[in-house]
Amino acid sequence: MKLRYVVMTLIVSSVLSTANVVEITDGMPYVKVEANGNKYKIERTQDKDAYLTNTFALTSRPSPPFFIEPFLVTSGVETYGELELLDFVSEKKGLLIDARLENWYTKSAIPTAVNMPFKLFLTKTSVREKVLQDLGGKQDSSGKWDFSTAKTILLYCNGAWCGQSPTAINALIDLGYPKEKMKYYRGGMQTWQLVGLTTIVPKESK
Amino acid sequence: MKNMLESVAVGLVLLLSAMIIYLIVQYNMIDDSDGIDELAYQVAEVKPVSKKEKTSNYLQNLEGYDDVDVKVDPTQENTANRVEVRSELAEDALSEAVEDKNKESYLENLNNYSTDEKKEKLQQEEPTAPKEHEPEKLEHDEIVDEIGLAIGAALEDL
Amino acid sequence: MKILMILCFALTGVFAGQFDKVKITPDISYLYVYHKGKAVKVHRIQDTKNKLTGEYAKQYRPGQYIQPIKMHDDIQTIGEVELLHFMKEKGNYKKGILVDLRPKRVYKRESIPSAVNIPAKTKDNKVKLEKILKILGADRKADGTLDTKKAMDVAFYCNGLWCEQSSEFIKEFLKLGYPAEKMLYYRGGFQMWKILGFTTVVNK
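So the sequence lines, in the order shown, correspond to chains R, S and A.
If you read the first sequence in this note's numbering, its first letter stands for residue 12, the second for the next number, and so on.
If you read the second sequence in this note's numbering, its first letter stands for residue 2, the second for the next number, and so on.
If you read the third sequence in this note's numbering, its first letter stands for residue 15, the second for the next number, and so on.
It is worth saying that the hints were derived from the structure and are not from the lab.
Among the clues, some could well be false.
[Unchecked claim] Computed list of lysine-lysine pairs in DSSO-like fashion (alpha-carbon distance at most 30 Å, straight line):
1) R:Lys118 / A:Lys108
2) R:Lys190 / S:Lys53
3) R:Lys155 / S:Lys138
4) A:Lys72 / R:Lys50
5) S:Lys53 / R:Lys135
6) A:Lys137 / S:Lys138
7) R:Lys135 / S:Lys138
8) S:Lys53 / A:Lys35
9) A:Lys84 / R:Lys103
10) A:Lys72 / R:Lys214
[Unchecked claim] Which residues of chain S face chain A? A few of them, derived with a C-beta cut under 7 Å, are:
11) Ile22
12) Val26
13) Lys72
14) Glu78
15) Glu85
16) Leu139
17) Asp142
18) Asp146
19) Ala151
[As the list claims (entries may be wrong)] To list a few chain A residues with every Cβ distance to chain R over 10 Å, as calculated:
20) Pro76
21) Lys148
22) Lys155
23) Thr159
24) Leu175
25) Lys185
26) Leu188
27) Lys208
Built from N, CA and C at the ideal position, the CB exists for glycine as well.
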């Protein structure tokens, strides 16, 4: 009897000790996601002494090009928070896009995000054509795009002071991408890191 | 001594006035080239910029930017951009000591503040900030914050 | 003379904040709001090397869950631009009020300019809540319903996007009959306000 009791206590305490003290939200200690064959465990920092100390702690970037972005990019495009992003990625509701220029993306990114620097949406190039097709767009003979079967995309950039993803979203709207298929994670890398969520350093691609 | 100082002062004033007049005359004598007119016009009015130009300017600015990292002690509080405002609750403590009657008149005054016509004009606008051409200052530097005081009083009660 | 004119325009530009290094939006560098009756200039820190440090730079927050983007289907979540617009168009004219839901001692230490403090724990005190409703312009009628035609718009904020106090308090307010359309939720809270370098006030 005593042995069983001891064993039970050991099992329970070991399970509890490995459980996250800091959960993402109530009942969600971490989220497991995968994309492009890579698996990630997204959780919040469990380090008692963790502070945001990198360049995302900077408060005042010069204007231009940095201004505070409105909560909505435009009416019709939903703004997402961290929980909505995690749900979007774990339930595979669409594609998570990091819309920053490459030099920002390669420093750190949100797990599973694909880098599509916003500038590629600004001018007509073969790269843009390919990307839009990959997103599910179909081009007719006159060059007009049909996005009725396009994927739902969630875009983010650096945070509330960064205009890169709003610029991408606006450029896509100009191309005819449906607003209801675009989501904007306004918090960006800054907020993601400020709440201690897992980031990755993407490998050099292409 | 006094006379000397006086004459030095007068001399200085005369000299400075002469310099100002000389400079004004000098500048007026500069040939009125097109450049100066355009400059004055541009500063006075914002040139309408096309959307494409805006985004290409934005891209240029962004590409030329690099974060400057500095090492700071994250545990130390930073007091930049902090303003001290002295609370007027000292006066409010007085009104708290007074009967409820005075509080009622407070609330009565608040009720008289409603301006329904103005409220209708303020529709839900697009989430962008309004344009401004001049430095924005408030009508008064100081007003009586009845609502704040009233809420403070309501919370202090009991 | 034209040079003098240009100089005048340039000076006006400086005072209008046109040449501020760190702006809020392309059109605005600052605005004035009333805090406890005194005019306070709200602007961003101009030092591009300034970093957020201290309590609000902490990443380790046990028991403080990340909140959803919307607190309630009918309550609008807003960001800094919308909050400043609210402060300027409503707060300054007593048509709207910004409420800080954090505990009193935290509010006194530092808060957003123009905010009044209603600690979230007040939600358990029905008497105080009714008084507050009255101050905000909501009339409790004899039949128990709340007449909110003349009620002010209220914007709420708390510590940050991991702070649960706001949602509990606001839900209580809704239960008492305050209309959701008159409520705004500044989800970023004091943490976002600070990390963007905005002016804060110390309430002695």
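Is the hinted pair A:Lys84 and R:Lys103 satisfied, with a Cα-Cα distance of at most 30 Å? Holds. A:Lys84 to R:Lys103 sits at ~21 Å (cutoff 30 Å).
Decide if the proposed pair is consistent with the structure: S:Lys53 and A:Lys35, CA atoms, cutoff 30 Å inclusive. holds, 24 Å
Examine each Cβ of chain R, and state whether all of them lie more than 10 Å from the Cβ of A:Lys155. At roughly 35 Å from the nearest Cβ of chain R, A:Lys155 sits farther out than 10 Å, so the non-interface label holds.
If you draw a straight line from the CA of A:Lys72 to the CA of R:Lys214, is it 30 Å or shorter? holds, 28 Å
Taking 7 Å as the limit, does the beta-carbon of S:Val26 come near enough to a beta-carbon in chain A? Cβ of S:Val26 sits 11 Å from chain A, so the hint is violated.
Run the C-beta distances from A:Leu188 to all of chain R and say if the shortest one exceeds 10 Å. Label holds. Min Cβ-Cβ 20 Å, cutoff 10 Å.
Please verify that the nearest CB of chain R lies beyond 10 Å from A:Lys185's CB. holds, 15 Å
Restraint outcome when S:Lys72 is required to lie within 7 Å of chain A by C-beta distance: Violated, about 9 Å.
With d taken as the least Cβ-Cβ distance between A:Lys148 and chain R, does d exceed 10 Å? Holds, because the least Cβ-Cβ distance between A:Lys148 and chain R comes to about 31 Å, which exceeds 10 Å.
Please verify whether A:Lys137 and S:Lys138 have alpha carbons no more than 30 Å apart. With Cα atoms ~36 Å apart, A:Lys137 and S:Lys138 exceed 30 Å; violated.
Min Cβ distance, S:Asp142 to chain A: is it shorter than 7 Å? The hint holds - S:Asp142 has a Cβ within 7 Å of chain A, the shortest such distance being about 5 Å.
When the least beta-carbon distance from S:Leu139 to chain A is tested against 7 Å, hint result: holds, 5 Å
Of the numbered hints given earlier, the model fails hints 1, 3, 6, 7, 11, 12, 13, 20, 24, 27; all others are met.
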